[in-house]
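Chains as they are written, first to last, in this note's numbering: chain A, 1 to 468; chain B, 1001 to 1197.
By construction, these hints were calculated from the structure, which means they are not laboratory data. A few of these clues could be false.
[Said to hold, decoys possible] Lysine-lysine pairs mimicking DSS-like chemistry, simulated, CA-CA at most 30 Å apart:
no., chain 1, residue 1, chain 2, residue 2
1, B, K1167, B, K1187
2, B, K1131, B, K1167
3, A, K379, B, K1187
4, B, K1167, A, K433
5, B, K1131, A, K433
6, B, K1184, B, K1131
7, B, K1167, B, K1184
8, B, K1184, A, K379
9, B, K1187, A, K257
10, B, K1131, B, K1187
11, A, K257, A, K433
12, B, K1167, A, K257
13, A, K310, A, K379
[Claimed, not checked] The following label-pair restraints were derived from C-beta to C-beta distances:
no., chain 1, residue 1, chain 2, residue 2, range
14, B, G1126, A, E301, 18 to 24 Å
15, B, K1167, A, D166, 47 to 53 Å
16, A, G134, B, E1062, 56 to 62 Å
17, A, G251, B, K1167, 16 to 22 Å
[What the hints assert, rightly or not] Computed list of chain B residues with no C-beta within reach of chain A, every gap over 10 Å:
no., residue
18, T1056
19, P1068
20, G1077
21, R1097
22, F1113
23, P1155
24, A1156
25, L1163
26, R1179
From the three backbone atoms N, C-alpha and C, an ideal C-beta is built for every residue, glycine too.
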Amino acid sequence: MAGQEMFALDDLARLFNVTVREDAAAGGLTVTAGTQTIVLSAGQSLASVSGRLVSLPAPPVREGRTWYVPVDFVPRALALAVGGKVELRKPSRLILVGDIRVPRIVGRIEPLGNLARLTVDVSPATPHTVTQEGTRLTVRFEADGLDAALPATTSPDFIANVRPGDGPATIAIDLGPRFSSFRTVDTPGDRGTSRLVIDVIAQTTEPQPSPSTPTPTPTPTAPQVPETPPLIDLAPAGTLRAIVIDAGHGGAEEGAKGPGGALEKQVTLSVARRLKAALESRLGLRVILTRDGDTTIGLDERAAVANNNKADLFVSLHANASPRAAISGAQVFYLSLDEYGDAAERAAHTESESLPVFGGGSRDIELILWDMAQARYIKESAALAQSVEASLRQRIPMNARAIQQAPFRVLVGANMPAVLVEMGFITNPGQEKQLQSDEFQNQIVQSLVESITRFRDAHSGSHQAGGR
Amino acid sequence: MIRRMAIGALVVLVVVALIWAIAAIAPRLPVRSQPAAASPATAPAAPGAERRITATLYYVSEDGLSLPGVQREVAFGDSIGEQARRIVEAQLADAPRPYASAVPAGTSLRALFIGERGEAFVDLGGEIRTKHSGGSLAEIFTTYAIVNALTVNLPAITRVQILIDGKEVDTLAGHVDLRHPLQKNLKWTELQTDNDK
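Model the full structure from these sequences, guided by the hints.
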């Protein structure tokens, strides 16, 4: 309308729950929001918001029985009157009301010889993960929605399509036939923005820079965005992909109980859910919970969930108990093999056997004594326990017996590095309160994310059946 | 020559007498002869009074961090099976001050068998599970109070398996693997100050 985008005032009144009165005699309009009043005058590019004058790019206009105001009326005048955060995004015709996170996403695709580069500018900078699911990459943002301008593809052999993903804050990148691998890098941009670069790389006859050589770690805090930023290979062979989080006890098995009535099974589930969300969003790992509700699950079944999902790590969460109310502090356990005698020794040294296969030839098959699968991972489990303990110690009180070994039933069948974390003594009244608090639970989650990241970095490329 | 033969005969006689004495006495005192090595055995009381031995039992320390051994008087048992039963009964009873019992109060001993290879099967009442506080450390202490009480005081018992209501069980409260007999474990009896592993 006359070069201006206008909103019907009645629509805004409905959206923002304000009342509009027309003062026909004065040729003006009064918009009331609670105790605040906006006065508009026909023909004037000004509005008075409870006595404070703000300028508008154009005066309000009447057409038939409807009054129209320029779109900037929303952020300049209405936002002041209704209080709270109101943000107008003209290009995408979005009005954001309240404290929701809807980052602006602008992407472009450039062909660069043997790769296609998708550059995504994110404003404001928003944490995100990039994961590969078959022939698709998914970028998940920690946001309530996306205000996305997605590019049309210019390199369909590499990137077939970029489109909104399954969730409200995800982007799906359909990969083209030449896709072989991808790498991503994040760099901070100007004024709280960030840039995500995703390179989709084709298979070459010449080897890529070897993924087994340690990639120099880029400095994410570099003040300037380099023209060709160093790229991290996010998915080299042998890194962590899946992790199983075991919320101890559940259902009929309540576990330990605090003097105030807190139940171990509730604390463990709460932390497990938080940890899952954090690991998925921050490390892009596939996280499987052994239970995501108040259900009774056998100890065998918990290890089986990890084994059947081919998880790379198993972390069992628990809360401790003692007849002594004063005892406190977290403990980290890994399996002790002494109690299992010869069976453990045999399981630890299982060698692969060569078995004939249909059609001739043979194939190496690893025969694992399922019941004792953990025996082969004791060294890695010990390293994981040390990493977890070191991170926990930074944030929460530790017990004098901080790292221990014990013949724990839930650990012995896990065919991957596995630890059991006793987060604190629920029988201690102070710790009972802590264990139920958001802050304490978040500290544990933060410690575990940090230690799992460190464990991943220390073991990347060498993660195999260890302990041999 | 004759003198040397006489000395030889005397030595043989003494050895035979010793063997006879051990063979004759040992079966009557199967238990007392064993814990004597581990702890100073008390002299049997006067005839008519209940005979007792001193045994090492295991309780939770005041700070809750350890499971120290404590010398206690335990009723004398005629056979190793009987003595094992008396020791477990004493271990299930209340703890002496200032210690706390590692086993839930009211836990009963249903039966105790000793296998051919020195494994003791301790069959406890369901209270040990229903009244248990849970928690890894508490469960470790419950388990090893019983395992250590038998293996430390009766060296003939090498391993102990806990049964509940006559059945083999996975765990007491979700942690320690009880599917196999467990051997003595003294690492919980005191807290090492250094690298406590």
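Verification of the supplied hints:
no.: 1; hint: B:K1167 <-> B:K1187; result: holds, 28 Å
no.: 2; hint: B:K1131 <-> B:K1167; result: holds, 18 Å
no.: 3; hint: A:K379 <-> B:K1187; result: holds, 20 Å
no.: 4; hint: B:K1167 <-> A:K433; result: violated, 38 Å
no.: 5; hint: B:K1131 <-> A:K433; result: holds, 23 Å
no.: 6; hint: B:K1184 <-> B:K1131; result: holds, 24 Å
no.: 7; hint: B:K1167 <-> B:K1184; result: holds, 22 Å
no.: 8; hint: B:K1184 <-> A:K379; result: holds, 24 Å
no.: 9; hint: B:K1187 <-> A:K257; result: holds, 27 Å
no.: 10; hint: B:K1131 <-> B:K1187; result: holds, 26 Å
no.: 11; hint: A:K257 <-> A:K433; result: holds, 12 Å
no.: 12; hint: B:K1167 <-> A:K257; result: holds, 26 Å
no.: 13; hint: A:K310 <-> A:K379; result: holds, 19 Å
no.: 14; hint: B:G1126 <-> A:E301: 18 to 24 Å; result: holds, 23 Å
no.: 15; hint: B:K1167 <-> A:D166: 47 to 53 Å; result: holds, 48 Å
no.: 16; hint: A:G134 <-> B:E1062: 56 to 62 Å; result: holds, 59 Å
no.: 17; hint: A:G251 <-> B:K1167: 16 to 22 Å; result: holds, 21 Å
no.: 18; hint: T1056; result: holds, 20 Å
no.: 19; hint: P1068; result: holds, 13 Å
no.: 20; hint: G1077; result: holds, 27 Å
no.: 21; hint: R1097; result: holds, 13 Å
no.: 22; hint: F1113; result: holds, 20 Å
no.: 23; hint: P1155; result: holds, 18 Å
no.: 24; hint: A1156; result: holds, 19 Å
no.: 25; hint: L1163; result: holds, 16 Å
no.: 26; hint: R1179; result: violated, 8 Å
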